[in-house]
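Number of protein chains: 2
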Amino acid sequence: MFVGAEGTLGLITELTLRLRGQPEATAAAICGFAQMDEAVAAVIDTIQMGLPMARIEFIDAASVAAVNAWSGTDIPLTPHLMVEFHGSDSGVREQAETFGEIVADHGGTGFDWATRPEDRSALWAMRHNAYYAIKASRPGSVALVTDICVPISRLAEAVTQTQADIAASPIAGPILGHVGDGNFHAILLYDDQNPAEVAAAHDLSHRMVTRALALGGTATGEHGVGLGKLDYMQAEHGAGWDVMRSLKLALDPGNIMNPGKMLRQG
Amino acid sequence: MFVGAEGTLGLITELTLRLRGQPEATAAAICGFAQMDEAVAAVIDTIQMGLPMARIEFIDAASVAAVNAWSGTDIPLTPHLMVEFHGSDSGVREQAETFGEIVADHGGTGFDWATRPEDRSALWAMRHNAYYAIKASRPGSVALVTDICVPISRLAEAVTQTQADIAASPIAGPILGHVGDGNFHAILLYDDQNPAEVAAAHDLSHRMVTRALALGGTATGEHGVGLGKLDYMQAEHGAGWDVMRSLKLALDPGNIMNPGKMLRQG
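In the order they appear, the protein sequences are chains S and W. Sequential numbering of the first sequence, starting at 1, is according to the numbering used here. Sequential numbering of the second sequence, starting at 1001, is according to the numbering used here.
No wet-lab data here; the hints were simulated from the structure. Quick caveat: nothing in here was measured; it's all calculated off a predicted structure. Hints are supplied without guarantee of correctness; some may be wrong.
Facing chain W, from chain S, some residues (calculated, C-beta under 7 Å) [as the list claims (entries may be wrong)]:
1. Ser88
2. Gly91
3. Ala167
Chain W regions said to be covered by chain S (calculated; three or more residues, Cβ under 8 Å) [as the list claims (entries may be wrong)]:
4. 1087-1099
5. 1153-1166
6. 1219-1231
Note that the Cβ used here is the ideal one computed from N, Cα and C, for glycine as well.
Modelling step: build the complete structure from the supplied sequences, incorporating the hints.
Written out as structure tokens, the structure is:
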């Protein structure tokens, strides 16, 4: 409750951390799919098999194009998954084999494991730089980074409908996400001196959120509610939003903790 | 917050469960140690290695004696660990090997893996019947089941001091626990027609709780606060107990949800 409250219930002044050991072995890979729904189906199968993925990331074809231009890579221009497994040597080998079979079942290609630290670093650097790569794909543009989350079973349609929306708009919006959680971002690139583009960006963002809620998802996956998504809280939480306010008043009756954010106001 | 509130915040009327697949492979084992602190040291090493134990249970020598009499087994009369690993075939084999090495490092003996379902069932039936075995070890007695939890680093001293306390009392109290959580129970067996034994049982239980709190633990590990441990809440939670009451009043201003339990009253 406290961690999800965005500072509205109080400040964390002391933390006790549970430490976990470095994994004995790590393997990472990237693989491509013809369609988004095949990539998502591979992820769903992996989760249902109980394979413990340490990371699983998704980038769409538009993001791949931006990453290629930025990092000098030549990844095929289709949706891709980037995945990492942790464990013992034999455990990671076994997980990699099983994941490889699942990927092949869904028509995945270009599948290769990076077990050397420098190869893994290169792979994840590509992902971590994706925002800058996407931003650089349209010099001078401003980025509106959207953030929604849906049940994984609805993820393929959420992404596909969002891509269609973006294609019908005057602006660009490569998509990437944390597919294991059903969470994704469109990086909407617009010219902030062009009123039509500004309006298109905000309209696309609004449509993403209402779509996420219609699919049983949430207005924000990890970026938070703050002020920007306050207007969606009633639709998402209904009577639960009043309960959140009751808890806020119980813990912070003077409303001094991050006032104005996230909760129904006054 | 809701799950730990013992019904004081409301009723659960609908649950959505996350299902997990049956593990592909399972292996269970029992092994003995000369002293309690060696068994606990083996568990601490296992956790620090990151070995994902599915279950890890502890039974003391007195519990072993009762289990032997009840189940017709002849387990040596020393502290024992019972452990189970889940995973793939090779994963479980690897975990079993590593755990075997840790046990040997701490002088554990009699170590053997049961991978056949019927052998595992027999092993866990022994554990699940331990309460009845202990109760039957003193026919006609009443059992006071205690329940405390301490940081695992303090578990060996908590158990050893509790055993010394029980040995100095007029009653018996075999000990067993969920050692991976630092949680254990003494099953205090007393004659409820004998005022000295009744007093001894309640005094031992009280001393266990105050010891747990002194060691940085909690008055109850899993059995709950309810009415029986209400008197320890102030000592355990301090000002936090008032916060719990504020949350209760926010969610249940009429105090109709499991009134009188767990929280500071009126």
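Each hint tested on the structure:
1. Below 7 Å, beta-carbon pairs count as interface contacts, and S/Ser88 has one with chain W at about 6 Å; its hint therefore holds.
2. Below 7 Å, beta-carbon pairs count as interface contacts, and S/Gly91 has one with chain W at about 5 Å; its hint therefore holds.
3. The beta carbon of S/Ala167 comes no nearer than 35 Å to any beta carbon in chain W, farther than 7 Å, and the hint placing it at the interface is violated.
4. Under the rule that three or more residues need a Cβ within less than 8 Å of chain S, the assignment of the region 1087-1099 of chain W holds, with 5 such residues.
5. Note: the region 1153-1166 of chain W has 0 residues with beta-carbon separation from chain S under 8 Å; the three-residue rule is not met and the coverage is violated.
6. Only when three residues or more bring their CB closer than 8 Å to a CB of chain S does the claim for the region 1219-1231 of chain W stand; here the count is 0, and the claim is violated.
When held up to the earlier numbered hints, the structure conflicts with 3, 5, 6 and fits the remainder.
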